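**Student:** Add chain B with the ligands to chain A, keeping to what the hints say.
Respectively, the protein sequence lines represent chains A and B.
Read left to right, the first sequence gives residues 1 to 253 (our numbering).
Read left to right, the second sequence gives residues 1 to 402 (our numbering).
Worth flagging that the hints you see were computed from the coordinates, not collected in a lab.
Owing to the predicted nature of the structure, the values given are computational and were not obtained by experimental measurement.
Treat each hint with caution, since some may be false.
[Stated by the list, open to error] 20 angstroms max Cα-Cα, derived EDC-like pairs, lysine to aspartate or glutamate:
1) LYS215/B x GLU130/B
2) LYS233/A x GLU162/A
3) LYS58/A x ASP70/B
4) LYS316/B x ASP196/B
5) LYS31/A x ASP217/A
6) LYS375/B x GLU146/A
7) LYS167/A x GLU34/A
8) LYS144/B x ASP62/B
9) LYS58/A x GLU357/B
10) LYS316/B x ASP343/B
11) LYS58/A x ASP344/B
12) LYS58/A x GLU95/A
[As the list claims (entries may be wrong)] Counterexamples of contact, computed for chain A against chain B with all Cβ distances above 10 angstroms:
13) GLU16
14) TRP122
15) GLU131
16) ASP188
17) ASP237
18) GLU240
The C-beta atom is built at its ideal place from N, Cα and C for all residues, glycine as well.
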Amino acid sequence: MSTLEIKNLHVTVDTEDGAKEILRGVNLTIKSGEVHAIMGPNGSGKSTLAYSIAGHPKYTISDGEVLLDGQNILELSVDQRARAGLFLAMQYPVEVPGVSVANFLRTAKTAIDGEAPKLRTWVKDVNAALERVTLDPTFAQRSVNEGFSGGEKKRHEIAQLELLNPKFAVLDETDSGLDIDALRVVSDGVNRYTAQGDRGVLLITHYTRILRYIEPDFVHVFVAGRLAESGGKELADQLEAEGYDKYVKAASV
Amino acid sequence: MSGTTDAVATRPTAGSDLAQVLELSPVESHLHPEGSFDLADHPVPTGLEEIWRFTPLKRLKDLHTEAALDGDQYTVAVDAAEGVTAVSVPVAESARGVSGYVPNDRISARAWDAAQSVFEITVAKDAVVEEPTYVRLTGTGTEKAAAGQLLVRARAFSHATVVVEYSGSATWAENIEVVLEDGAQLTFVTIQDWADDAVHVVTQHSRVGRDASFKHVAVTLGGDVVRASTSTDYVGTGGGVELFGVYFADAGQHIEHRLFADHTAPKTRSNVLYKGALQGQDAHTVWIGNVLIRKEAEGIETFEQNDNLVLTDGAKADSVPNLEIETGEIEGAGHASTTGRFDDQHLFYLQSRGIPEDEARRLVVHGFFNDIIRKIGVPHLQERLEAAIEAELSAAERAGAL
Ligand SMILES: Nc1ncnc2c1ncn2[C@@H]1O[C@H](COP(=O)(O)OP(=O)(O)OP(=O)(O)O)[C@@H](O)[C@H]1O
Ligand SMILES: [Mg+2]
Numbered sequence: 001m002s003t004l005e006i007k008n009l010h011v012t013v014d015t016e017d018g019a020k021e022i023l024r025g026v027n028l029t030i031k032s033g034e035v036h037a038i039m040g041p042n043g044s045g046k047s048t049l050a051y052s053i054a055g056h057p058k059y060t061i062s063d064g065e066v067l068l069d070g071q072n073i074l075e076l077s078v079d080q081r082a083r084a085g086l087f088l089a090m091q092y093p094v095e096v097p098g099v100s101v102a103n104f105l106r107t108a109k110t111a112i113d114g115e116a117p118k119l120r121t122w123v124k125d126v127n128a129a130l131e132r133v134t135l136d137p138t139f140a141q142r143s144v145n146e147g148f149s150g151g152e153k154k155r156h157e158i159a160q161l162e163l164l165n166p167k168f169a170v171l172d173e174t175d176s177g178l179d180i181d182a183l184r185v186v187s188d189g190v191n192r193y194t195a196q197g198d199r200g201v202l203l204i205t206h207y208t209r210i211l212r213y214i215e216p217d218f219v220h221v222f223v224a225g226r227l228a229e230s231g232g233k234e235l236a237d238q239l240e241a242e243g244y245d246k247y248v249k250a251a252s253v
Numbered sequence: 001m002s003g004t005t006d007a008v009a010t011r012p013t014a015g016s017d018l019a020q021v022l023e024l025s026p027v028e029s030h031l032h033p034e035g036s037f038d039l040a041d042h043p044v045p046t047g048l049e050e051i052w053r054f055t056p057l058k059r060l061k062d063l064h065t066e067a068a069l070d071g072d073q074y075t076v077a078v079d080a081a082e083g084v085t086a087v088s089v090p091v092a093e094s095a096r097g098v099s100g101y102v103p104n105d106r107i108s109a110r111a112w113d114a115a116q117s118v119f120e121i122t123v124a125k126d127a128v129v130e131e132p133t134y135v136r137l138t139g140t141g142t143e144k145a146a147a148g149q150l151l152v153r154a155r156a157f158s159h160a161t162v163v164v165e166y167s168g169s170a171t172w173a174e175n176i177e178v179v180l181e182d183g184a185q186l187t188f189v190t191i192q193d194w195a196d197d198a199v200h201v202v203t204q205h206s207r208v209g210r211d212a213s214f215k216h217v218a219v220t221l222g223g224d225v226v227r228a229s230t231s232t233d234y235v236g237t238g239g240g241v242e243l244f245g246v247y248f249a250d251a252g253q254h255i256e257h258r259l260f261a262d263h264t265a266p267k268t269r270s271n272v273l274y275k276g277a278l279q280g281q282d283a284h285t286v287w288i289g290n291v292l293i294r295k296e297a298e299g300i301e302t303f304e305q306n307d308n309l310v311l312t313d314g315a316k317a318d319s320v321p322n323l324e325i326e327t328g329e330i331e332g333a334g335h336a337s338t339t340g341r342f343d344d345q346h347l348f349y350l351q352s353r354g355i356p357e358d359e360a361r362r363l364v365v366h367g368f369f370n371d372i373i374r375k376i377g378v379p380h381l382q383e384r385l386e387a388a389i390e391a392e393l394s395a396a397e398r399a400g401a402l
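Bound conformation, chain A alone (with noise of 0.2 angstroms):
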């Protein structure tokens, strides 16, 4: 059993004019077992949240804290971060030339684990991972998302998701930019991994389309850099037929 504990987490970037506070304040815990799902309008900062717990270099956390299992993860690299059961399936997987898929994976998972995966079963295991979400056994070979599709990285994220198998996952847009049969492929990888019954997820997304096939146990609305509500999954179906108008217009008063 873990925690994610995000507290009052405070995040700024540096713009021209100064830094600029994207994150003021968002308070959110996230026990094993649980998917939370994080739904607010375009540049509520909802990948910044994503990134700032994942550690990029572009965000500074000017106050707060995240708690994985009560250690402050804020501390830690961005690879200690991912040692210690962090997943974050990106907006924008990164193309990354000449480094093969099968290389990638392997170094990842021999990082993670601490010791490298056996031979026999490893080369079986990547080609299973890539086969449940549709990926041509391959794509192993090819460079790590260079010239992949939309559609095709996401489904690269989740194939990492279930072979790093990770305590959390922060699920940042997975589901946009995919066709109805990606998507359910990409839900039925991310319904694989909570079954397993001890993971959480935090899985943010634009639109309810996705919670049809994750079923979430918590909704939240992101506005303006902060929580402005949250509840069980009625809540999203109520954002599908109101929109985030009302909240917009609260935050901004």
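**Tutor:** Leaving out everything else, chain B with the ligands in the frame of chain A:
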């Protein structure tokens, strides 16, 4: 100014009256200076000349002026495959000049004058040689500059690989000629794995026969200053060259590659790909990619590309592609040049999967070189290059540069 030239008019007809055979018309090119065997035609450069403006002249150990070029601080070891002869021949008895090369700068002209003998490597006609031929030159001191002259001849329809490897300390001025007769296929690899204090100024000219294919792989790792000028022309239709380069410059190192593909015949091809990484204070690389497509060179295809990866602050990569086209009747011509810094996004992505920073850096650098290493396609060289890149990275890590 030495930038304008009429290269053809001064080209001697050594070999087989090739210029006449080709009936090349004169061309006003800004790509390379006029050649001459007469030292007086090559004044000592000031550093302002187009062809010298990137080179740290002060570090060339007087190769332009009083360095005697009679040094003997080196050893040569040869491992010739069957079907290949490799012997040292006195200049008077040698076939030097057969490539049509005329020295086009002062150091080259001085080295030409100073050379007492020519190291001739010849692949017999029709010979198909699997095993590479190795020549290993090891320098034992930089005090006395030496002149080298190498001639590689691939006789008609032969097929071979020749590897020349430089190591140790030396001040080395060199001319290399490579001649591919009709239908010959030659892979020529030069590996400059010099010690930190070596100075190497080398001019290499290759002449490519009808339907011949030439692959040159230039690997430049060591040395204080390495300046390699590599040119190619063609004496028949259908000839092709692939010019690959892999280089890695460390703190204080100057590595300069100057390429010139002179399309002197129709239906010829040139494909240039040079990739380099730089790390450390004042690491400097220069890549000049000149291509000239002459009027008579119809139906040719050329592409040249240079990519640089700057790993640390304080390192500088200059990259200048240059294409002159005198005929519109070509298959294709293009060039690309990139100079990128280490990409934080790459590192972040890899690290976010648990991969420690130093290992992530390694992956990215190996990834950068990966495509060229695969394309080179010379057995053994692939592993050798991977290992060399690894060694460069570890050395820099120990030095705290990364
Ligand atoms: N360098 C920067 N300078 C100024 N503003 C920035 C900078 N970087 C990010 N921002 C702003 O931060 C805000 C939050 O961005 P973020 O990407 O977190 O939003 P998001 O909620 O993920 O949006 P989307 O739904 O479009 O993905 C945006 O308004 C964005 O313009
Ligand atoms: Mg976003």
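**Student:** Please go over all the hints and tell whether each is borne out by the structure.
**Tutor:** Evaluation of the provided hints:
1. LYS215/B x GLU130/B: 15 angstroms, holds
2. LYS233/A x GLU162/A: Not satisfied, since the Cα-Cα distance of roughly 25 angstroms exceeds 20 angstroms.
3. LYS58/A x ASP70/B: 58 angstroms, violated
4. LYS316/B x ASP196/B: Distance ~18 angstroms between LYS316/B and ASP196/B Cα, so the pair holds.
5. LYS31/A x ASP217/A: Roughly 11 angstroms between the alpha carbons, so the hint for LYS31/A and ASP217/A holds.
6. LYS375/B x GLU146/A: Since the Cα atoms of LYS375/B and GLU146/A sit roughly 18 angstroms apart, the hinted pair holds (cutoff 20 angstroms).
7. LYS167/A x GLU34/A: Satisfied, since the Cα-Cα distance of roughly 11 angstroms is no more than 20 angstroms.
8. LYS144/B x ASP62/B: Since the Cα atoms of LYS144/B and ASP62/B sit roughly 11 angstroms apart, the hinted pair holds (cutoff 20 angstroms).
9. LYS58/A x GLU357/B: 16 angstroms, holds
10. LYS316/B x ASP343/B: 16 angstroms, holds
11. LYS58/A x ASP344/B: Since the Cα atoms of LYS58/A and ASP344/B sit roughly 10 angstroms apart, the hinted pair holds (cutoff 20 angstroms).
12. LYS58/A x GLU95/A: 18 angstroms, holds
13. GLU16: The assertion about GLU16/A holds, with a minimum of 19 angstroms to chain B.
14. TRP122: 15 angstroms, holds
15. GLU131: Given a closest Cβ separation of 20 angstroms, the condition holds.
16. ASP188: 22 angstroms, holds
17. ASP237: 33 angstroms, holds
18. GLU240: 31 angstroms, holds
Of the hints listed earlier, those the structure fails to meet are numbers 2 and 3, in rising order.
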